[in-house]
Amino acid sequence: DAGVIQSPRHEVTEMGQEVTLRCKPISGHNSLFWYRQTMMRGLELLIYFNNNVPIDDSGMPEDRFSAKMPNASFSTLKIQPSEPRDSAVYFCASSFDGNTIYFGEGSWLTVV
Amino acid sequence: SQKIEQNSEALNIQEGKTATLTCNYTNYSPAYLQWYRQDPGRGPVFLLLIRENEKEKRKERLKVTFDTTLKQSLFHITASQPADSATYLCALDIYGAGNMLTFGGGTRLMVKP
Chain V
1 DAGVIQSPRH
11 EVTEMGQEVT
21 LRCKPISGHN
31 SLFWYRQTMM
41 RGLELLIYFN
51 NNVPIDDSGM
61 PEDRFSAKMP
71 NASFSTLKIQ
81 PSEPRDSAVY
91 FCASSFDGNT
101 IYFGEGSWLT
111 VV
Chain W
113 SQKIEQNSEA
123 LNIQEGKTAT
133 LTCNYTNYSP
143 AYLQWYRQDP
153 GRGPVFLLLI
163 RENEKEKRKE
173 RLKVTFDTTL
183 KQSLFHITAS
193 QPADSATYLC
203 ALDIYGAGNM
213 LTFGGGTRLM
223 VKP
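Residue numbers (the numbering used here), protein chains in the order written: chain V, 1 to 112; chain W, 113 to 225.
Keep in mind that the hints were calculated from the coordinates and are not lab data. By construction, the Cβ of each residue, glycine as well, lies at the ideal position given by its N, Cα and C atoms. Honestly, I wouldn't trust all of these hints.
To be verified - Cβ-to-Cβ under 8 angstroms is the rule here; a few derived chain V residues that face chain W: (1) Leu-43; (2) Leu-45; (3) Leu-46; (4) Tyr-48; (5) Phe-65; (6) Ala-88; (7) Phe-96; (8) Asn-99; (9) Glu-105; (10) Gly-106.
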């Protein structure tokens with residue numbers, strides 16, 4: 001199994017630029033999650049999709065963040081414009097049974 | 113709102129000993145609680161799930177307990193090995209709906225040879 005695939009693995013961008021993170025969930029999984037991890041705040045849930053529909057986006061920090069899931073095999077998390085405080089590791093995860101969550105290896109974002 | 117508390121200080125133990133990690137939550141008991149392992153530079157990996165009606169669950173050298181009265185879960189690694197060194201995260205569904213996991217801050221375990 002390929003697992004959850006995220007890209008890019010690392011990105012360094014300048015403040016104000018648009019950042020797009022991509023995720024391919026495990027085939028057959030019907031739930032997809034975007035998490036953000038920082039030293040200060042730990043692992044935070046940003047948004048949760050079920051059957052491609054956003055169910056809860058209460059964790060999305062502000063309007064600069066948006067997420068889409070156009071089909072069952074692809075999701076994006078976009079930050080526009082990016083700010084230095086957005087620097088973090090962004091994890092995508094997927095689940096089938098609603099219990100066990102499988103994480104990708106993360107996208108390491110640095111905004112300078 | 114529900115808060116999940118794990119000991120933020122690193123736990124250092126000697127190889128062969130049993131490591132015990134604690135996860136406390138503040139409000140209502142969730143339907144289940146999970147434990148994950150995270151290695152540096154990697155995503156969290158699922159280890160064990162324990163349901164509210166289960167007092168204990170085991171998997172090889174791992175044991176998890178769930179005390180809904182104390183609002184606490186304990187995670188044990190017996191006969192610990194240096195390869196067990198990692199950060200261990202507990203997670204629960206704060207809404208009780210079964211799909212939106214909230215994670216604790218994690219406890220870093222260091223097993224010394």
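If any of the earlier hints don't hold here, list their numbers in rising order.
3, 5, 6, 7
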